[in-house]
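Read off the chains here:
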Amino acid sequence: MEGRRDEDRGNSPKPSAVLITFVTALLAGAAGIILGGLAAWVWVGAITFGGAYLASRTSRGVMTEGPLKARRLLLMLDRGGSQEANAPPEFTEEWGTLHERLNKMAFEARTSSTALAELERFRQQADLAASILRDGKDPLTEAPELRVGPLQSLLEGIKSAASTPVVSRLPLGEEELIGTDGEGLPPTWPKPTEKSPPRGPEIAEGVARGLRHLVQDLEALAATLGGEGRRPAGESAELRSPAQLVDAVVLTAADGIEDLAAGLMRANELASVAERVTNRATLLALNAALEATRSGSEAFAAIAEETRRLAEFAREATDTISRLASEIEYKVGETITAIHATSEDAKTALAEISGAAMPTPAAARSARAQIGKLLDRARELQQALHTSSSDLAGGNPTAGPNSVQEHVENDPSPADKLPAQGILLIEGLKPGAPLES
Amino acid sequence: MNMNLGTRGALTFRLGDFSFAVRVEEAGGVLDAERLAHLPCVAEPVAGVAAFRGEMVPVVDLAAYLGIETHGLPAPRYALVLARGVDRFALLIPEIPKLVPGRELREAPASAVDPELGELLESELETDQDHFHLLNYWKIFESMIPLGGAAGPSRSSVERGN
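These protein sequences, in sequence, are chains A and B. The letter at position 148 of the first sequence is residue 148 when you use our numbering, and the numbering goes up by one with no holes. Start counting at 1 in the second sequence, then tack on 1000, and there's your number in our numbering.
Among the hints, erroneous ones may be present.
What the hints assert, rightly or not - Heads up, incomplete: computed chain B residues facing chain A, CB under 7 angstroms, no partners named: (1) Gly1009; (2) Val1024; (3) Ala1027; (4) Gly1029.
To be verified - Between beta-carbon pairs, the in silico distance windows are: (5) B:Asp1017 to A:Glu329: 30 to 36 angstroms; (6) A:Ala267 to B:Trp1138: 55 to 61 angstroms; (7) A:Met265 to B:Glu1069: 29 to 35 angstroms; (8) A:Asp255 to B:Pro1101: 39 to 45 angstroms; (9) A:Glu258 to B:Ala1037: 39 to 45 angstroms; (10) A:Thr335 to B:Pro1101: 46 to 52 angstroms; (11) A:Ser326 to B:Leu1039: 35 to 41 angstroms; (12) B:Glu1025 to A:Thr335: 38 to 44 angstroms.
I should point out that these hints are in silico values taken from the structure, not numbers from a laboratory. By construction, the Cβ of each residue, glycine as well, lies at the ideal position given by its N, Cα and C atoms.
The following block holds chain A by itself, in its conformation from the complex (with noise of 0.2 angstroms):
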């Protein structure tokens, strides 16, 4: 009995150990499970952090560079006036977008009565205020409907950075360009590093088509002036004086009522001719009337009558005919006279209302000589401006002397002295500039 309970003690397992087995499992099984559970926060906080760092590098690339790239296009805008061809491509390709965009809400909405009306009235604040910002006016203050809606922030901050006083500000160091207090600049403007994207060709080649406008508007003024700026070939005849142009229209009024004179004197030649007619009708009836007389025949008589008759309207008709031709000669040539001296007194007051219609021959000097200034001022900026895209355009900052990294470390880039010439030369072109300083 004693060994089968020995027996039945070697064989059978110990307690104590399964519960160990047991417990063990159990805090291993724990363990996995706190471990992933601590792996997957581990994965959740990285991607978390990682996402917040990535969207905290993009938003302050957003934060410096829409600020400065709005406020050059607002300040080229701005100062552009109403001239849409200053203006850069994009800024029109934004409204574009935006403005078809709306198109296309409104088309799929059609189907809905209240969604339609709000995107339609989305719509026309839009392209009101559009228009209005192409004329260089301010959206809120001219169209005070567009204060309340979805258009309210974006117009605001529009025009604040519309109204900063960046001109007025001149002469200006290059980090004074834009902005009052530097805010929202980027950390290398004014002067660009390696690591500064190039400007964007778009902006480029608006620029450039904004200063060949310049120069070609300065080259036809200079050559109005009577400087050496060249005219383009096929303006000589678009290019009048207001006086010149009052001439061509009186000379043109005088030759069509001058082919008028002629065509009443030609008339006056017919009306002699039917005079002569009439004559020899009036010759007819008399003699038939003295036939008849002489013979006492009635018949005859009355034939003579009716002949005299005949004559006699012939010869009012005829009369008339004369009478008027010589009332409308006698007018043309008054009309004539009129315009001549309409034409007088329209160039005197010419004269004196504009006193750039006959300038002073000092005047005409200065002129011409800041002319002369500001159209070598354009000429350059567009050289600089050119060399610039040559640069970019090839694609190799370490080519040579002249490659983009060389401009960069040693000197500002031509692409980024274009904001300050061209203020320059904006500035130039206001009236009262002191430009001969």
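Please arrange chain B on chain A, whose structure you already have, making use of the hints.
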């Protein structure tokens, strides 16, 4: 017909400050005298010759014969043909004559006769608006051109020859 004047009417025209009349019985017709054929070696009052119904008639400038100034008169000229039998001549006048019926004509008083016209004046006619000198025009013509010369052989001379 005005039995007192012995005419059915008169052709009247103005010449300077004077008005003249020709009996319709003496008038052969009126023609346009813009183109006259001038004759050489004739007296000044003879303006030339004109064609009238296939015949050539001499034209006498009455204003030049009477010494009446006609400056400023209109350029068109007409010829009033006078006929007596087969003899014709024309008076150069500056306007188309007017035909005045005989019933409107009456003889003017003797006091109205212009003494300057002398023996050439045959009578004076008048209407309610105007008065006219009736001249012996054939006497004027014969004083310049004898009928046997300018107008060719007259019927009387032919008859005498026959």
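So does Ser326 (chain A) sit 35 to 41 angstroms from Leu1039 (chain B), Cβ to Cβ? holds (39 angstroms)
Supplied distance hint 39 to 45 angstroms, evaluated on CB atoms of Asp255 (chain A) and Pro1101 (chain B): About 56 angstroms separates the Cβ atoms of Asp255 (chain A) and Pro1101 (chain B), which means 39 to 45 angstroms is violated.
If you check the beta carbons of Ala267 (chain A) and Trp1138 (chain B), does the distance land in 55 to 61 angstroms? With Cβ atoms ~46 angstroms apart, the hint is violated.
Interface hint for Ala1027 (chain B), Cβ within 7 angstroms of any Cβ on chain A: Hint holds; Ala1027 (chain B) Cβ to chain A Cβ min 6 angstroms, cut 7 angstroms.
Can the suggested window of 38 to 44 angstroms be confirmed for the beta-carbon pair Glu1025 (chain B) and Thr335 (chain A)? violated (56 angstroms)
Is 39 to 45 angstroms right for how far apart the beta carbons of Glu258 (chain A) and Ala1037 (chain B) are? holds (42 angstroms)
Status of the given 29 to 35 angstroms range, CB of Glu1069 (chain B) versus CB of Met265 (chain A): Cβ of Met265 (chain A) to Cβ of Glu1069 (chain B): about 32 angstroms, so the range 29 to 35 angstroms holds.
Given Gly1009 (chain B) was flagged as interface, is its beta-carbon under 7 angstroms from a beta-carbon of chain A? It holds, given that the least Cβ distance between Gly1009 (chain B) and chain A is near 5 angstroms, below 7 angstroms.
Just to be sure I understand the hint, the distance between the Cβ atoms of Asp1017 (chain B) and Glu329 (chain A) should be within 30 to 36 angstroms; is that true here? For Asp1017 (chain B) and Glu329 (chain A) the Cβ distance comes to about 33 angstroms; the hint holds.
May I ask you to test the interface hint for Val1024 (chain B) with respect to chain A, counting a Cβ-Cβ separation under 7 angstroms as satisfied? holds (5 angstroms)
Classify the hint on Gly1029 (chain B) as holds or violated, based on whether any CB of chain A lies nearer than 7 angstroms to its CB. holds (5 angstroms)
Against the range 46 to 52 angstroms, how does the distance between the Cβ atoms of Thr335 (chain A) and Pro1101 (chain B) compare: consistent or not? holds (49 angstroms)
In the structure shown, a violation is registered for the earlier hints numbered 6, 8 and 12, in ascending order.
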